[in-house]
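Enquirer: If you want the building blocks of each chain, they are given just below.
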Amino acid sequence: MKRVITSLVLTAVAIALIVGCKPAEKKAPAKEATIKIGHTVALTGSNATWGQAEANALLMIVEKLNAAGGVLGKKLEVIAYDNRADKLESVNVAKRLIEQDKVVAIIGPAQSGVANAIREVNNAAKVPVIGTTATNPKVTVADDGKVVPYTFRVCFIDPFQGTVAAQFAVRDLKAKTAAVLYDVGDDYSQFLGKYFIEAFTKGGGKITANEGFRSGELDFRAQLGKIKTGKPDVLFIPTMQKEAALAAKQARDLKIASTLIGGDGWASPDLIDLAGPAIEGAYFVNIAALEDPAIQDFIKEYKARFNADPVLPNPLMAYDAAIWIVDALKRAGTTDGEKLMKAMEETKDLQVLTGKLTVDPATHNPLNKPATIQQVKDKKFIYVKTFVTTD
Amino acid sequence: MLLQTIITGLSIGSVYALMAVGYSLVFSVLNFSNFAHGSIITLGAYIAWAVMVGFFSIPFFPALIISIAGAGVLAFLNERIAYSTLRRRRAPSLYLMISAMGVSICLQNLLYATIGAKLYALPAVFAQDTLSFGELTISKMDLFAFAFSAITIAILHLVLTKTKVGMAIRAASHDMEMVSVLGVNLDVLVAILFFIAGGLGGMAGVFMGVKYMVYPSMGWITNKAYIGAVIGGLGSLPGAIIGGLLLGLLEALVSIASIGNTSLSTYRDVFSFGILVIILIVRPTGLFGRNVEEKL
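Here the protein sequences come in this chain order: A and B.
Take 6 as the starting number for the first sequence in this note's numbering and just add one per residue.
Take 2 as the starting number for the second sequence in this note's numbering and just add one per residue.
By construction, these hints were calculated from the structure, which means they are not laboratory data.
It cannot be assumed that every hint is accurate.
Short derived list, chain A residues pointing at chain B, Cβ under 10 Å [unchecked claim]:
# : residue
1 : N215
2 : D224
3 : T234
Partial list, computed: chain B residues near chain A (C-beta under 10 Å) [unchecked claim]:
# : residue
4 : M2
5 : G10
6 : D130
7 : W221
8 : G249
Here are the simulated PhoX-like cross-link-like pairs (lysine-lysine), alpha carbons at most 25 Å apart as the crow flies [said to hold, decoys possible]:
#  : chain 1 : residue 1 : chain 2 : residue 2
9  : B       : K141      : A       : K236
10 : B       : K119      : A       : K260
11 : B       : K119      : A       : K385
The structure displayed is predicted, hence computed values, not measured ones.
Here a beta-carbon is modelled for each residue, glycine too, at the ideal position from N, C-alpha and C.
Starting from the given sequences, assemble the full structure and let the hints guide the process.
Expert: Okay, structure coming up:
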């Protein structure tokens, strides 16, 4: 019985969604004089907080761009559909945007898996897609190592954070030696650790230990004991906040004095609650911080308009993506998919909200994207600096 | 470093041992692996969190007692609700084990649904948590947990060997029906057994909460404790303790070992589970489990 009710409810929701979307479709053909940008975004479900913020940010930037005269003599229009962060639904959304609304480009999705799901659709139709926070390397570079022609991203990729952490350790913390404690059962952790080691060694540093643990373990003291003998200047812990907190506590128990560094997996207030004084002074890499001076105007505007802090980092990424598309449209001089894609690929030193955007044509990833370094100080995350990597 | 690793191994092993005793106690009498034990341990830790941080701010020792009692009562209820009917119906022990798995998954998901996946920390018991001897550091909490567990297990041993209840439990581990024919109320006996096992679990949960953290799936670690119990011989009290300590030690030593340039730390579970398989092949009853005659 429960099943029947559930499926009835689901059907009702599905119908409501389809019906709910109709007006937007009807409205679309009426305004021939606009250039349409699609937005595939999770407006409901567990990712909705970020999705809503993304949609809000696009509203802001498109109004601004239109006030400045639009592009190619036309006004811009954003058409947003809810994909619920669901792969199947996203394919429907992508088809609707491309076939019915005839958008010139699509912003979103925020999830790597969803970006992969719509790859066939947008690439066949030659409509560029810009993933907002799809950080998995495979989103833009297929398994065969070739770039996916019409898929881009505006955020950094997972391995990039490892490079940022390493270069920050070498240049700002003047670290000569480092150790890594990573989770062998987790791709995120493994890649982050691997790229940290590569960049740290390239920067002239020495890795004293690279120790793994299995997902779910709680006690790392055996590994940390081994790490301690190398007396590393920094200890890189590319994990989520739970393991980071445990490792920090146990490292301090063993009297390891190294500076602790992590990635964006740390960015949860839980870290401070769980690790307490053990995590004080530690640094971590993040996509964006509310305190970043470069985005203060944006935050002020957003707050005034929507009466809430933007849920980072998605709105920033969507905002940047819109600037990117408009810039490429201007340079291409046309809305033709192939020419637009080429122009997007050739983007160089474009001023966007979070810094300067340069695209790598070989991977469709932004090059030398700035990352934010944050520190745990007095039981709070504080903004330290915006860090740009060099090769 | 070797000495430090041995200390670490013993400290992890003592937690395994404490949990393994709970498995062995139940197994010795009822002949099934009570996989709900992990959830009781988790709930014990949550009780401590609730009285120390969440709702009241009771100091550590009373909170420990409350958790032990609370987990004991929960284990008792668990038996009453999920196992007693099966037990009276003399269902095969496999059914009891499956029921235990059900309870375990049910309780864990109940925690996810009500309290959520948030991680909690229990406040530190000792302000300065470590003692240092040159390069060597020992956590005071580890020492305390070790001593407290040892004393508790010693008391348990005395209860089992010197009291009437203990004698009844030991007798029941040999032949439950005979004991019941001789006039022992089995329901009361099993209730006491589960209360003790649950209480030990609650204790282990609190120690884990202080040393690590409190979260719904923390009972996962009891898989390791269970392996410890099997290595030692399910149903044997000294076996559970030695099996647990041995496993903790082995894991810590494997973690620091390396072959050539490859560190073995990532192979830790390959070793612990591999050893389980080997021991079961060589000694199917574990190190100390000598058939049914010499349980407990």
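Enquirer: State the violated hints by number, sorted upward, taking the hints as numbered earlier in the document.
Expert: Of the numbered hints given earlier, the structure breaks just one, which is hint 10.
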